[in-house]
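Q: Please model the complete structure; the sequences and the hints are all you need to start from.
There are 4 protein chains.
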Amino acid sequence: MVGVVEQAFRDLVIANRILAHQGVVDAYGHVSMRHPDNPEHFLLSRSRSPELVEEGDILEFTLDGKVVGTDKRPPYLERFIHGAIMEARPEINSVIHAHAEDTLPFGIVKNTETPLRPVIHSGSFLGAKIPIWDIHDHFGDTNLLVGNVAQGRSLAKHLGDGNVALMACHGFAAAGRSIIEVVRISVYLPRNARVMLNARQLGTDLRYLTEGEIAARNSGYSPYSSETWRAWEYWANQAGVGKMLHKPDGV
Amino acid sequence: MVGVVEQAFRDLVIANRILAHQGVVDAYGHVSMRHPDNPEHFLLSRSRSPELVEEGDILEFTLDGKVVGTDKRPPYLERFIHGAIMEARPEINSVIHAHAEDTLPFGIVKNTETPLRPVIHSGSFLGAKIPIWDIHDHFGDTNLLVGNVAQGRSLAKHLGDGNVALMACHGFAAAGRSIIEVVRISVYLPRNARVMLNARQLGTDLRYLTEGEIAARNSGYSPYSSETWRAWEYWANQAGVGKMLHKPDGV
Amino acid sequence: MVGVVEQAFRDLVIANRILAHQGVVDAYGHVSMRHPDNPEHFLLSRSRSPELVEEGDILEFTLDGKVVGTDKRPPYLERFIHGAIMEARPEINSVIHAHAEDTLPFGIVKNTETPLRPVIHSGSFLGAKIPIWDIHDHFGDTNLLVGNVAQGRSLAKHLGDGNVALMACHGFAAAGRSIIEVVRISVYLPRNARVMLNARQLGTDLRYLTEGEIAARNSGYSPYSSETWRAWEYWANQAGVGKMLHKPDGV
Amino acid sequence: MVGVVEQAFRDLVIANRILAHQGVVDAYGHVSMRHPDNPEHFLLSRSRSPELVEEGDILEFTLDGKVVGTDKRPPYLERFIHGAIMEARPEINSVIHAHAEDTLPFGIVKNTETPLRPVIHSGSFLGAKIPIWDIHDHFGDTNLLVGNVAQGRSLAKHLGDGNVALMACHGFAAAGRSIIEVVRISVYLPRNARVMLNARQLGTDLRYLTEGEIAARNSGYSPYSSETWRAWEYWANQAGVGKMLHKPDGV
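These protein sequences, in sequence, are chains A, B, C and D. Position in the first sequence (first residue = 1) + 415 = the numbering used here. Position in the second sequence (first residue = 1) + 415 = the numbering used here. Position in the third sequence (first residue = 1) + 415 = the numbering used here. Position in the fourth sequence (first residue = 1) + 415 = the numbering used here.
Mixed in with the good hints there might be a few duds.
Same chains, same label: a pair holds when it works inside one copy or across any pair of copies.
Simulated crosslink set (DSS-like; lysine-lysine; CA at most 27 Å straight-line) [unchecked claim]:
| # | residue 1 | residue 2 |
| --- | --- | --- |
| 1 | LYS481 | LYS658 |
| 2 | LYS572 | LYS662 |
| 3 | LYS572 | LYS658 |
| 4 | LYS544 | LYS662 |
| 5 | LYS487 | LYS662 |
| 6 | LYS544 | LYS525 |
| 7 | LYS487 | LYS658 |
| 8 | LYS572 | LYS544 |
| 9 | LYS572 | LYS481 |
| 10 | LYS572 | LYS487 |
| 11 | LYS544 | LYS658 |
Everything labelled a hint here was simulated from the structure, so no lab data went into it.
A: Laid out in C-alpha cells, this is it:
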C-alpha cells in the first residue's frame, strides 16, 4: 500500500519523465505538486534536468519559495512561479513551467490576427483565453527569469483564472487541478500551437473551438477517468517509468 | 496453421503497433476490423493506447457499438465511428480514427484555396474528394467526440463513398477494404498533408493527381500484392511486431 | 581480402541501410550499382524495403530491366529507372530512386519563383539545374510509376547530364559516379530542399550557389577522399552496419 | 584526480558527442578548445565525424592551423576557423563550426526584414548582432570552405567581438569563453532560429530581446554555475557520455 505523500513523490517523478520524453522540457523546465498534507507547501525537484529527477531530488517549499528543512542543494531559480500560482488559486494542485519550443512563436509575435487559441479538441483544456505575460512590461530589463515572489505574483495575476499563460520570449506556465491534468495540458499545448501555426499558412479564417465546446469538454473533467488514465499510462510507459504507476481503483 | 479469426486478432495488434510507431495515433485513436465470420460485428480494442494493445484487449461489437458478451472493461467512447461506417459500406472491412497532427490544419482552415487533395502518388488512396465533417454543423456545441450512433451515422453519411473524411478540430476517419489498405491510407495521409502544406508555401498553383491517375492506381488494388506486403512487412518490423506477421501464399 | 564484386554487394547493403536510416527511403525507394565486371548489367535488391535488404536479396539485371538468371523473387517495378540512366550515361555507376518527403513540394508546385537549386555547400552536388520530369506530360494518365523501358528512357532523357531529376508527384532520381557519391547527393537533397523552403519564408531573394562555386566544389571530386569517407563511415555506423565497412587504402 | 589537460581532452569528447546528439553537427562540423597550458595552441579532433571522436583523435595545432608533432592523420580542412578566432580574441577559449540546418535559412535570404536576432531568453547568448559572412564577397568563387589562414582571418574579422557569425550557404561559427558556453550557444542557436522563423509566419512585428535584457543575462555569466552545469550534465547523459563528466567543486 502506497501512502498519499509517497504517491505524490512518485507522480512527480513520472511527470518529470513524461515531460522530458514528450519534449515539453529539456535541460530546463519544472513541474510541482501542492503538498497533499499541507496546502501551504508544495513539492518540487532541486535544480536538476527533469529527465534525471528521482524521488530523492524532491524538496518541500513554502508558497513564497523557501525550502522547508535544511537541504542545501540548489533549488530552481524560478520556483516562485509555482508558489505564486498556488497561492492565488486554491483549486490548483499542480503547476508546470517550461519553454516548449512550439509555444514560443505565439509569445513573440505582436498584434497577430491569430493569437493562440484552442483549435483541436485536445487543446480545449488550454481554455478560451491564453494571456501573454511580458516581464518587461512590469519589471523592465531583466534576465527574463521569474526570480522572486513579486515576479511570480505578477505572472499569477496575469494568468487570472486561466489554465495557461504564455511568457513572452521565454515559455509558459500551466496550472491544473491535478498533476495528470497539467501534464496533459502541457503535452497538448505545443501540439495545438503547431496545428494552428500550420493552419495559418493555409488561410487566416480558422475554425476555433467555441466557448460552448470548451465548456462541454471541461464539464466532463475527472482527475482519474478511464480516458485520462489511458494517456498517463501510455506516456509513462513511453518514458520508461511505467513500473512506477499506481492505478486508482475503478479506472 | 493460424485460423482466419486468430489472424484477424493478430493483424489488429500489428495495425495498432504500426499506427503508434508511425505517429498516426498517440494515446488516442483506434483501428477496427469487421469480424471475418460475421459481417454484422466488428473487432476493436478496449479503451487502451494503441501502442499497448494486445490480443487479449480486443473486444467484439455490434455495428451499433454494443459489446458482444460480458466483458466489463471500458470500450473506446468513439467506437460508433467504426460501426456506422461498416453499416453504410458493406465493402469496407477496416476503419481507422485518429488525430494525426499533420492532418489537422486542413480541417481547421475555412475557405482555403488549397483544400486537401492527393499530391503524391502514395496519396492516391485518399481519393479525389476528402470531405470535412464538422460535428458542430449537425449537433451544435458538443465535446467534439463521436459518442453515439447518430453522430457516427452523420459522419458516415458525410464520408459517402470516399476513403477519408477530415473531422474539423478533431482528426479523421479512414475506411479500407482491408486492414492493410486502411493502415496504408492512414500512414500516407499525414505525409500527403505535409507535402501539400509545404508546397503551398512555394506557390498556390499545385500539380494535383488527376482523376485518371487516381483511377489508374486504384484499379491496381490488391489486398496482398507484393508491393503492399512490402510496406506492411517493413512497418511491422519497425514497430517490433515482425514476428506476428503471417505472409500469405503467393506474395 | 574482399573481392570487388563481393564489396559491391556489401556497399549496396550499406547504402540501403544508410538511406533508410537517414529517412531518404521508407518502405519504398531503391539504390543500384553498375556491375563491377560487366557495365551492361546492374545490381539491385529484389522487391524489399531498403532497411531489410541483405546481400542475398541482391539480383543482377540487364540494362533493360530483365533479371539475369532464374531467380523468381519479385523485382522492383521501377527497376527501369536504373537501367535507363546507366544506359544513357556511361560515367554513372550508381542510381537512387526515392520519395524523400521534403523533395516532393518542389516537384508539385508550378511556376514558382523559387525552383529547387543548391543553396548550401553540401547541396552543390545536386548540380546547377534540377529538371522536373512529369510522367503525365509524356504518357498521360498512369499509375505514376516508371514501369517500362520507355518510361525509364524518358526520365533519363529529361535528366540529361544532370545529377538529380525531380519526378512530379512522386519523388526523384539521382545519379552518381560512385555509390558513395549518389548516397551523399540523396542525403543532402532533402536538406537543401528544407533549407530553401524555410529561407523562402523569410524572403524571396535568395543567395544561391554560383555556377563557379558549384564547379569549384565538383572539381574536387574524389570517390574516396578523406572527407567523403568521413560521412560514409558516420552514416554506416549510425545505421548499424559499421562492421560491413571496408576502408580503402590511403583514406 | 584528473589533470587540467586530461580534463580538456574529456570535455572535447563530451562536447563532440553532445553536438552530434543534439543535431548541431552531423558527419561534419567541429569543436575546439584553446590548450590549457599554451594559449598559442588549440586542441581539435583529426578529420572525423563528431559522434565518433575519442580522446585519441584529438590533435594539437598552432593558431595558424599547423599540426604540432608528427601525427599524419588528416586534420579537418577548416581548422583555420578555430585558430583565426582564437588569435583575434584572447578571451575566447572554445570555437564551434557547424552546419546546423535550421540556422542556414537566415544565411541565405537577402534583405529580409527579420534577420536573425535573439527572441528567446536562452538565445541571449547569441548576442545582439549576428553578422553574415559571405566568403564570395571576399574570395569570389570558391568551394565555400574556409581552407586557409586568410579566409579564417576574414571570418574572424567579420565576427568582430560577437559570439556568432552566420556563414552564407554554409553554416556558422560560434565563440565562447568556455567549452560549456559555446556548446550552449550552439544548441540554442538553431532553436532560436526555428522559433523566429515560425513566429515570422504569424506576423512580422516581433518582440526581440532588448539590449538591456541581453546585457542582464550576460552579466550573470559563470562558466560553472549550477544552471549551466545542469544543461551540460543533461546533454552529456543524453549523448551517452555521462560517465566522462567531472563535476567541479561548488556546483
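Q: Which hint numbers does the structure go against, in order from smallest to largest?
A: 1, 2, 3, 4, 10, 11
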